[in-house]
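Asker: Since chain A is already given, all that's left is putting chain B on it; use the hints.
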Amino acid sequence: MSDAASSPMLEIRQVTKRFGQLSAVKDVSLTINKGEIFALLGGSGCGKTTLLRMMSGFETPSEGAILIDGEDVSKVPPFQRPVNMMFQSYALFPHMTVEQNVAFGLKQDKLPKAQIADQVAAMLKLVHMTDFAKRKPNQLSGGQRQRVALARSLAKKPKVLLLDEPMGALDKKLRSQMQLELVDIIESVGVTCVMVTHDQEEAMTMANRVSVMHLGEIMQVGSPSEIYEFPNSRHTAEFIGSVNIFDATVQGVGSDASQLSCTDLNCVLSVEGGVNAVEGAQVGVAVRPEKIYMSRTQPEQGDNWLHGKVEDIAYLGGHSVYHVKLASGKTVMATTTNVDRHEQRLTWEDQVYLYWSASSSVVLYQ
Amino acid sequence: MQTGKISRFSKTVLSLGFFFLYAPILILVIFSFNKSELVTVWAGFSFKWYGELFRDPQMLGAAWISLKIAFLAASAAVVLGTMASIVMVRMGNFTGKTAFTSMITAPLVMPEVITGLSLLLLFVAMGQSLGWPGQRGMLTIWIAHVTFCTAFVTVVVTSRLQEMDESIEEAAQDLGAPPWKVFFLVTLPIIAPALMSGWLLAFTLSLDDLVIASFVSGPGSTTLPMAVFSSVRMGISPQINALATLVVLVATIAVFIAWWVAQRSLRVTTKVGD
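First to last, the sequence lines map onto chains A and B.
At position 256 of the first sequence the residue is numbered 256 (my numbering), and the sequence of numbers has no breaks.
At position 156 of the second sequence the residue is numbered 156 (my numbering), and the sequence of numbers has no breaks.
Chain A on its own, in the form it takes in the complex:
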């Protein structure tokens, strides 16, 4: 949905938020398009929740501006913003029924009764909660409460829907089911959505675009596959999925392939394409474990292979993660898919060769 035709719905312009001496959000700029599901991903204390609270109006930016649909809302209080939020704890009103919870926002707009009733019925139908309209929140399960919270935050047809750790209060099994269902509902309504999460899987499952935050700054913005396959920093590469990073020095830069001498491994690695650094510069070379092949015999390719001993195996059912210790002492992770049940798999203490193609590795400059 991030095609050129779409126009921006939410703009964050050089926003900084300081709490006393501490900057929770540092000079962040973002543009979120109409109809997009956008995820702010980061560990705890990275500033993602503060940024979300500035969008909803519970915090005001120390510097910069927030624009919704072209209008500066930086100073607008939360109850006047065309934005609704689904809270992590769902924050349902315990003294009201499901129906009254969903109607609350509409009543604040002083809409006629019949219109409110219609909208509430439509919302409850959307989230499949029509049969529970007269129940109180304490008579619902976790998943049902989430549906009610979603219906309540969609009822006013907000321009932007904010989700704060949407799956935080659910158990793992329910999570993967609700992730897809939530996306279906949000896409059927067509609302622009910003979510905050610390769970990379959740962000990648649900969002069209993900921004990785660290220490109040945005490290990288892109589609889930862009962020996974082409991380632009060590932090992003390590935060999303698992990765092997080798320290290296740029040796030869070519247009088809470049050579980097690796101090960790005492060998030369080659990567596809040119490198944006002069010879002698220090960089990192990242290779994802699933892109590394393993074999007992020496690979035919001339470079990008290593030799070591299997030190540890994590059998995870669908795939196994091998920790291979190299002669230099460094441990490299490699995964294999367990396709065959009776396959003679590599085991502890086995001598193995690890190899990957030059196009599988990514050069990291910071």
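The set of hints was computed from the structure by calculation and includes no laboratory data.
Since the structure is predicted, the reported quantities are computational estimates derived from the model, not experimental observations.
Heads up, none of these hints are tricks.
Mimicking DSSO-like on lysine-lysine, the simulated pairs with C-alpha atoms at most 27 Å apart in a straight line are: (1) K134/A <-> K181/B; (2) K136/A <-> K181/B; (3) K157/A <-> K134/A; (4) K159/A <-> K181/B; (5) K181/B <-> K113/A; (6) K110/A <-> K181/B; (7) K107/A <-> K181/B; (8) K113/A <-> K157/A; (9) K107/A <-> K136/A; (10) K330/A <-> K291/A; (11) K125/A <-> K159/A; (12) K75/A <-> K159/A; (13) K75/A <-> K181/B; (14) K291/A <-> K325/A; (15) K75/A <-> K157/A; (16) K110/A <-> K125/A; (17) K110/A <-> K157/A; (18) K134/A <-> K113/A; (19) K181/B <-> K157/A; (20) K26/A <-> K159/A; (21) K136/A <-> K113/A; (22) K157/A <-> K125/A.
Answerer: Just chain B now, with coordinates in the frame of chain A:
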């Protein structure tokens, strides 16, 4: 302790404890139905002293005054206590917050004699310099009771407010309700059980108070505890037993209602949080 079985020692201690606490009250209740003029000699069952009590204009007048003061003091204390709690729990950190918090709860630990005496001195000084309150009576007792009842209500309401998930209030704001509306539509209904038990607590405390009321009362404003105390000084009459039994009954009902309300609200809110 082993599961299921209670040792004989624990049972004995428990019964002794209960006996110590409740035997006097039980004896009082039994002797309120005594026919005899003498408090300690049993002479048969009768409602005589209850009848006598309800024909005693002095006691009835004092009871009426006490009930009026207790009702008005509890109501005012709930309003002030709730306001204080909200300032303490929801307004964030402000200069003098610690001082404010400790001052509002100080009457909890202040000896009643000191509270009573200081209020008396204040009223006298105000009467001399401002001409108000001109005379001590129900008004001054009410003011005195509000001051210490507010402290109790504040403690009850504060703990409830602290338990309450603040994001519920934020959600109401997010959905378009300005702060004052959030308070009346969301916060107040959720903390209502605490206000109720705070009110009942204040009501019983005010009804029960003898020391402070004695300091700040004036002619024609004798409260029930004062009337009882002065009549007891002339010798205990079985009529007082009947009165005390009624007070025990009212207090028990009030405590039971407060407990029931608190239990019910606990069920509603804890399930939402989990």
